[in-house]
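Enquirer: This is what each chain is made of:
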Amino acid sequence: MSNTEQPQTCQCDGDSCDNQRRNFISKTAAIAAGTVVAPGIFLHQVAQAKNAAEAATDAVRWGILVDTTKCADGCTDCIKACDERNGLTKENRPEIAAHWIRKVTLRDKATQKENSLPLMCQHCEHPPCVDVCPTGASFKRPDGIVLVDKHICIGCRYCMMACPYKARSFVHEAITDQKAHAPRGKGTVESCTMCVDQVDQGGQPSCVTGCQHGAMLFGDLKDPESAIAKKLKEINSVQLRADLSLNPGIRYHGL
Amino acid sequence: MQKMLLGLAAGLLLIAGWAGAQAADASGIKAIKQVSETEKCVAPKEEMRRTHMQKILHQRDETMYKGVRTTRHSLQSCVNCHVAKDDKGQAVDINNPKHFCSSCHKYTAVSIDCFQCHNSKPTDPVVTQPIVGNPDFIHPVPLKSSAEVSQ
Amino acid sequence: MKKIHYSEIPGKNIGFWAILGMLGFFIAVGLGSVWHMEHEGHHVTGMSNQIIWGIPHIFAILLIVAASGALNIASIGTVFHKTAYKPLGRISAWMSICLLIGGLAILVLDLGRPDRLLVAMTTYNFKSIFAWNMILYNGFFVIVGVYLWFMMERKMNQYYPYAGLAAFVWRLILTTGTGSIFGFLVAREAYDTAVLAPLFIVLSFSLGLAIFVLFLMGVYKGTERELGDGLLNRLAKLLTIFLAAVFYFVLIYHATNLYITNQHGFENFILADGGIYTTLFWLGYVVLGTVMPMALLNCPKPAGKRWSIAAASALTVVGAFSLLYVIIIGGQAYPLEIFPGKEVIESGFMDMAQGGYYQYSPSQWEIMLGLMGVSIFILATLFGSKVLPFLPKSLADDVVDPHAK
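Protein chains in written order, with the working numbering: chain A, 1 to 255; chain B, 1001 to 1151; chain C, 2001 to 2405.
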């Protein structure tokens, strides 16, 4: 397992030393959890992972880098992983089916170059869905994950109108036999949660672990030492609809 | 008009008193449990009867907004422990009057919508080993098999 | 001007009760379909993850916008001191309350979780224009209620101009708020413009007035009270002005869009090849909803005739409905441009719509829900006029001087 980020020595004073030790412990925990979540797949890195009892903080900002040059045309592994994990069923009714993540193939109008990529909630820093939500059910966690608190969602769908990425879907009918970790029910809006319960325990989103082509990289955008931050520094990447200045947490390379 | 109000008030009092009595004395309201004899509820029975809603609602907000994933008061853990089975030995869902949560709420005329979204059955083989680094924490994420865990 | 006498409408004949019964029936059917929609989930409607807001929202916004406009009549009397409008103040205020109730009923009953209305009323996100609107709507009821009370209660009469002014200001903010619901949706081509809020305000003027005129003509005919030609013509003239104003803003809306290259795709969609939306825009809004009523109100032959005023008012409503349909549903039917400069050739979630735009066919359930709101409005207005003296006994020209300043 390649874990280069473990602090080997601890030569620092009180506070930050504690911090580092905690990091060390939680990283170990994270790795264990990660291994459990996706057996056989090594974590690239999980910096600043919290343990289950800790509250999420704004010391981290979770993000995903999608390398469209590696994303294989016609492959839907990430979608399958998401559907499977969150119990999303699609009964041949595309207009109302839940899509937390979808595959899109694009062709550049000028150059004819084709790209294939997964598209999901972009976990914006300034999410329009959160701004418009009348009850505050749409919210952004301190660590940057944008969620719907379905306990106070009234089903007005204003957030769906506001989302520039069409990332949200409305539950149009009663659901039974939900996955225990992904409660879903009629009359509320939902979208990609970045598999928040896994992330909270030091794991990664299922789409990322489900990708066989290594096209998705998950990590902490705020930690300059994280693999994702290093990669972003190294290669070109774009934000979708960057003109709206929403600063999404999902970045794309090769578009 | 006054009579009507009086009647209404009397009715309300009656219902409240009855519900209170029901909650206070457990005759007729039994937790239909399926737990090993050694395992107790997350708090003493009396306390649970009175305050289980505060506990889960508090946990709900902790989990939702802060990402706290302890399982002690999580709704899923209640459901995983309090399992009632039907004649065929299958775990029942919330629509069955035998289900732990509905068994009692039926008496007290409480209606909760939680299980429109939350699964009322213990579907997942919940791992009982505490996760590394936190002995209080039991993994709520379903795993393919315990064999994979020990790998 | 003579002293105005108000009285309840008698409402003793069979016709009146038949109308109430019919409206009651529509409301019952609407509630039934709400039950069905909520029980089954929204999949029984034509609304989907693409067309998120549908026919119910058109009806609701139509009524809410009209509510503000119907109050305009009272405002003209109170705030702008046009004495000819003063006798209409009470019914104008009452009608606006009823319109708002009808509209809000639809909005609330279309929610995915109407059972959580309490949550909506108690948890506010103050960044959300929707939350502000809830406050604006509630405030509207209070302020217009007080205004109505001051107009009717002799002891309070001296204060009613203040209440009228407050109601006037509140109402303008309210319509701005309603228009802004869409204005805040920056990601959608159709709504990303500042013109929408003023467009909604002028639309409220024309629509509210048209509904008011229709109601007045209907009730005065039904109760055999007198309604002077002079007064009607004055209202008709006002309608012409409002229609022109709406048209002007629609023109600006599209003209500015045509100026912005980015928006050409959307403009082309609405104005040229958007199928039903193009038809509704040109035929529904432009021809039926603007040109025809203008002609009816101003061509020497039909002008001033009762039938032509009634027809022009009805057509105004048709036009407003079409315009809202084009803006609200057309705006969603046009797919989002998530990848500027690229064309989506394959998608797991309908990013490229069949034939360039998303299809929407409303189901009977949502239409019945919409009609329920309209019925609530008419029923409440009629019923209110029956139990309280909202309507002048006579609006004959020798009672109300239509040429008064």
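Please keep in mind that the hints were generated in silico from the structure rather than gathered at the bench.
Hints should not be assumed to be uniformly reliable.
Distance condition first, Cα-Cα at most 27 Å in a straight line; then the derived BS3-like pairs of lysine-lysine [unchecked claim]:
| id | chain 1 | residue 1 | chain 2 | residue 2 |
| --- | --- | --- | --- | --- |
| 1 | B | K1088 | A | K140 |
| 2 | B | K1106 | A | K179 |
| 3 | C | K2155 | C | K2393 |
| 4 | B | K1106 | A | K231 |
| 5 | C | K2082 | C | K2003 |
| 6 | C | K2342 | C | K2086 |
| 7 | A | K233 | C | K2082 |
| 8 | A | K70 | C | K2342 |
| 9 | A | K90 | B | K1055 |
| 10 | A | K179 | B | K1066 |
| 11 | C | K2155 | C | K2012 |
| 12 | B | K1106 | A | K70 |
| 13 | B | K1055 | A | K179 |
| 14 | C | K2342 | C | K2012 |
| 15 | B | K1098 | A | K179 |
| 16 | A | K231 | C | K2342 |
| 17 | B | K1066 | B | K1085 |
| 18 | C | K2342 | C | K2221 |
Take a look, some chain B residues computed to stay more than 12 Å from chain A by CB distance [what the hints assert, rightly or not]:
| id | residue |
| --- | --- |
| 19 | T1051 |
| 20 | D1061 |
| 21 | G1067 |
| 22 | T1070 |
| 23 | K1098 |
| 24 | C1104 |
| 25 | P1122 |
Even glycine gets a Cβ: it sits at the ideal position worked out from N, Cα and C.
Enquirer: Determine for every hint whether it applies to the structure shown.
Expert: Comparing the hints with the structure gives:
1. Annotation: proposed proximity of K1088 (chain B) to K140 (chain A) is violated, straight-line Cα distance about 45 Å (limit 27 Å).
2. Distance restraint check for K1106 (chain B) and K179 (chain A): the Cα-Cα separation of roughly 26 Å lies within the 27 Å cut-off, and the hinted pair is therefore satisfied.
3. Taking the CA atoms of K2155 (chain C) and K2393 (chain C), the gap is about 22 Å. The hint holds against a cut of 27 Å.
4. As the CA atoms of K1106 (chain B) and K231 (chain A) are separated by approximately 57 Å, the hinted pair breaks the 27 Å bound.
5. For the given pair, K2082 (chain C) sits about 16 Å from K2003 (chain C) by alpha-carbon distance, which is consistent with the 27 Å threshold.
6. Proximity of K2342 (chain C) to K2086 (chain C) is assessed by CA-CA distance (about 59 Å); at most 27 Å being required, the pair is judged violated.
7. Between K233 (chain A) and K2082 (chain C), the direct Cα distance comes to roughly 69 Å. Violation of the 27 Å bound is thereby established for this hinted pair.
8. Using a Cα cut-off of 27 Å, the hinted pair K70 (chain A) and K2342 (chain C) holds, with the two alpha carbons roughly 19 Å apart.
9. Pair hint K90 (chain A) plus K1055 (chain B) does not hold up; C-alpha atoms about 35 Å apart against a cutoff of 27 Å.
10. Taking the CA atoms of K179 (chain A) and K1066 (chain B), the gap is about 21 Å. The hint holds against a cut of 27 Å.
11. At roughly 31 Å between alpha-carbon atoms, K2155 (chain C) and K2012 (chain C) are farther apart than 27 Å, so this suggested pair is violated.
12. Distance hint between K1106 (chain B) and K70 (chain A) is unfulfilled; the C-alpha atoms sit about 55 Å from each other, more than 27 Å.
13. Pair hint K1055 (chain B) plus K179 (chain A) holds up; C-alpha atoms about 22 Å apart against a cutoff of 27 Å.
14. Note on K2342 (chain C) and K2012 (chain C): the hinted pairing is violated, with a Cα-Cα distance of about 67 Å set against a maximum of 27 Å.
15. Of the pairs offered as hints, the one joining K1098 (chain B) and K179 (chain A) holds, with about 22 Å between alpha carbons and a cut-off of 27 Å not exceeded.
16. Of the supplied pair hints, the one linking K231 (chain A) and K2342 (chain C) holds, its CA atoms being roughly 25 Å apart against a limit of 27 Å.
17. With a C-alpha separation of about 34 Å, the suggested pairing of K1066 (chain B) with K1085 (chain B) is violated against the 27 Å cut-off.
18. Restraint check for K2342 (chain C) and K2221 (chain C): not satisfied, since their Cα atoms lie roughly 60 Å apart, outside the 27 Å limit.
19. Every beta carbon of chain A lies more than 12 Å from that of T1051 (chain B), the smallest distance being close to 19 Å; the non-interface claim holds.
20. Its closest Cβ contact with chain A, about 8 Å, brings D1061 (chain B) to no more than 12 Å, contrary to its assignment away from the interface.
21. Listed as a non-interface residue, G1067 (chain B) fails to keep its Cβ farther than 12 Å from every Cβ of chain A; the least gap is roughly 4 Å.
22. The Cβ of T1070 (chain B) does not lie farther than 12 Å from every Cβ of chain A; its closest approach is about 5 Å, which violates its non-interface assignment.
23. Non-interface call for K1098 (chain B) relative to chain A: holds, since the shortest CB-CB distance, roughly 18 Å, exceeds 12 Å.
24. With a least CB separation of 21 Å from chain A, C1104 (chain B) remains clear of the 12 Å interface cut-off, as annotated.
25. Not every CB of chain A is more than 12 Å from the CB of P1122 (chain B) (nearest about 8 Å), against its label as outside the interface.
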